[in-house]
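Asker: Let the hints inform the model, and build the full structure from the sequences given.
Per this note's numbering: the sequence shown = residues 1 to 198.
Errors might be hidden in some of the hints.
Pairwise CB distance ranges (calculated) [unchecked claim]:
#, residue 1, residue 2, range
1, Val91, Ala136, 33 to 43 Å
2, Arg36, Pro141, 16 to 26 Å
3, Leu142, Ala69, 22 to 32 Å
4, Phe158, Val110, 26 to 36 Å
5, Ala145, Leu20, 30 to 40 Å
6, Leu142, Phe19, 32 to 42 Å
Don't read these hints as lab results, they were simulated from the structure.
Glycine included, every Cβ here is placed at the ideal spot set by N, Cα and C.
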Amino acid sequence: MGSIDCLVNNAGITFNAPFLKIRPEQFDKLFNVNFRAQFFLTQSIVADMLKHSGGTVCNISSIHGLQGAPEHSAYAATKGAIIAHTRTLSVELAHLGVRVNGIAPGWITVENYYKAIPGFNEEQAKRDAYNTVPIARYGQPLDVARLAVFLSCDESSFMVGQTITLDGGTTALMSLVSDFRNESVARFGKEYLSRTER
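Answerer: Have a look at this one:
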């Protein structure tokens with residue numbers, strides 16, 4: 001078997017619950033799958049990369065590591081840990097020939113969503129995306145894959161320690177503080193708001 005040139009850490013699970021109701025075993029499972037596994041897999045693969053010509057690591061996080069949302073405290077903590085780890089590890093490994101970057105996706109439509117959320121289907125996803133995402137669609141796994149390929153190839157050779165937000169404009173909309181948003185609505189009208197707020 002040959003050496004590994006690029007690693008994309010994509011494994012993860014989701015769990016949402018009120019902060020005061022999260023049990024230790026739920027917390028541990030989230031951190032074990034979402035962060036601990038990624039940490040030690042990367043350690044093992046990078047050790048092999050350093051024996052050859054280096055490589056790239058791409059860590060998949062989430063916009064929940066960047067923005068607050070109710071009932072996401074444990075999940076968001078794992079994603080924030082990934083972002084911090086990406087930044088720190090990149091500094092440690094760049095001079096050794098290993099570039100580390102990350103992706104923070106927004107809502108990416110995968111089959112598990114349709115199973116996990118009662119009454120949620122592809123048509124509902126299209127309606128929700130039209131009302132909540134500036135680009136009016138949810139992301140697809142291929143959107144993430146294309147960015148991961150870019151971060152793993154020579155075209156991104158000067159990019160180190162970055163976590164790229166890939167969310168169709170969701171966090172750009174969320175980042176507007178209410179006073180600024182209210183002033184903008186007064187000045188520009190309701191067309192300024194997302195479709196659900198009109």
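Asker: For each hint, tell me whether it holds in the structure or not.
Answerer: Do the hints match the structure? See the list:
no.	hint	verdict
1	Val91 x Ala136: 33 to 43 Å	holds, 38 Å
2	Arg36 x Pro141: 16 to 26 Å	holds, 24 Å
3	Leu142 x Ala69: 22 to 32 Å	holds, 25 Å
4	Phe158 x Val110: 26 to 36 Å	holds, 32 Å
5	Ala145 x Leu20: 30 to 40 Å	holds, 38 Å
6	Leu142 x Phe19: 32 to 42 Å	holds, 34 Å
The structure meets every hint from the earlier list without exception.
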